[in-house]
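Asker: Using the sequences provided together with the hints, build the complete structure.
Residue numbers (the numbering used here), protein chains in the order written: chain A, 1 to 276; chain B, 1001 to 1299.
No lab work stands behind these hints: they were computed from the structure.
The structure displayed is predicted, hence computed values, not measured ones.
Check each hint, because a few of them may be wrong.
Claimed, not checked - Over the 12 Å line for every Cβ pair with chain B, so calculated as not near, a few chain A residues: (1) L65; (2) A72; (3) R122; (4) Q219; (5) G241; (6) Q262.
As the list claims (entries may be wrong) - Okay, the calculated bits of chain B under chain A, using three or more residues with CB under 8 Å as the criterion: (7) 1037-1047; (8) 1096-1104; (9) 1119-1131; (10) 1275-1289.
Claimed, not checked - A partial selection of chain A residues facing chain B, derived with a Cβ cut-off under 10 Å: (11) V79; (12) S92; (13) A113; (14) Y150; (15) A180; (16) F211; (17) L232.
Beta carbons are placed, not taken as given, at the ideal position from N, Cα and C, and that holds for glycine.
The lines below spell out each chain.
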Amino acid sequence: MRRDRLVRSVLLHALMVPLAILFLLPIAWMLISATLPNNEILAAPPTLLPGMHLAENWRDLNSDLNFLRAVANSVGISVIFTTFATLVAAMSGYAFAKFRFAGRGVLFTVVIAALTIPFEVRAIPQYLLVARELSLANTWWAIILPWLAYPLGVFFMRQNMLSVPTDLLEAARIDGAGEARIFFRIVLPIMRPALAAVAIVLFLFQWNDYFWPLLILSQKDAYTIPVALGTLVGLTRVSWGGIMVGTAIATLPFLILFLWLQRYFIAGITAGAVKD
Amino acid sequence: MSQARPARPARRRRTDLTPYWFLLPFFAFFAIFWIYPIAYSFVLSFLNTRSRPWTLEWGFNWGRLVRDEFFWNALGNTMTILVVQVPIMLAFATLLAVAFGSDLLRFKGFFRFAFFAPLVLGAVPYSAVFRLIFNDQFGILNYALTSIGLPSVPWLFENVPAMVTIMIAMTWRWTGYNAVILLSGLQSIPLTLYEAAKIDGAGPLQQFFGITLPLLRPVLLFCFVLSTIGTLQLFTEPWLITTTGPGNATETLVTYLYKTGFRSFNFGYASAIAYTVAIIAAAFSLIQIRLVGGREVQR
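Answerer: What follows is the structure, given as structure tokens:
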């Protein structure tokens, strides 16, 4: 029995280790080629160890547009968006979980139905609205506003808010606390882990979003990181090393954060799947 | 996440507006950026936006859609990716989830990073990396293939290899994501079932097909619908890795929608394409609700 387990374990690892290495290769190659000159990235055989070309690649990345500006835009947009969208989701999640009111079932069904509606259906009228009616093209708000209503966030917050003890809320009400005070001083502090999970998902979504920013951002100064990188990939005059420095900047912070906060990432990802 | 029962809602005064105040921000943005665009897009799909001013011509866009060979090509490509890539990826993700759930696996931290790290990568960065790796003449993949005696493949310059490239890239990015969801489903299967099966003499394979797979069905179906909706919206990978080529061999519904709406600025026709995507997505969601039961989706 014991030997049998050992054999099976060895077989499992013989399968998993090469597969894991294969999966890690694209990330490794991204990081290595960020430090190499073009002729070493596209050589036969290619250089497989980090080089000394990082600074030149960074300069090259900035030859066509100001990449630092794109980083600033992405950080600003993602931070503001995450703050407000998390709050909006927490407020509605709280209402759905802890109050009984007319229209609750219908409204919640609307939120769930919205989960399956592809963005593309909204893209064109939203473009006309934001660019022409509101004249917000090429601003941070053009990217932030359309996603503040994020149905998955509401769904996830509602599931978690169910565990807030009703007695605690009632006790606070009897003590004369206002509803806003109860929400901010009692509910949000207990919900910190769930808020963290939602915030990570929202931040990652906004940081990586491409389709909508591509539609609404046309000026180089307004580009977010994905739009800037997408533009550079189509150009031949920017070296691969330069582009890989950009991709490393876009991904490395999250790879590190992922190692550190895996629990929250995974809670966020499984948000839609787990039913109570 | 929470295993709590639906709350016992507190008895409230009849005229209490509190919950509506809490819902107001969400539904205000929802009305402006969801309901209005969805409704207006529907109207647009019946407008001739080629004329000035735009005129109502019921069959203008939808009639064109039915006859448009480029649309059918894009639909065909999208469906091919869906039918080939999604099942392969989900099978792979299921096996991965089982491996992760097994107490035979050591170094779980390492494996978790290897398979789950791709899911923090944005579509644009990873598409850029894959375009570099799959580069025809100088890509590291073709170098690796030739150095072990295999022929190099014109990944981005022939129809089938270009499709395969897209599918490999998507599988790399999304397998871990689905495995995470499947793993959470796996962990909710009671261990006593496996213990009982072992006592009855069931081997690992019998346990997998007799217990794991049937009980994982709702979660698998959820992953299937999620992946389907994601594939229907496929844009960044063909846009950046293969630039929808060669020719239009990797044109998808959404790359075609983008070209129609934002290169040719034919908003009416692009709206008809957008609604086609939504209708197919809704059909797949309804299949899930029918197969699993709406209750489980709603609760």
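Asker: Quick check: which numbered hints come out false for this structure?
Answerer: 3, 5, 6, 11
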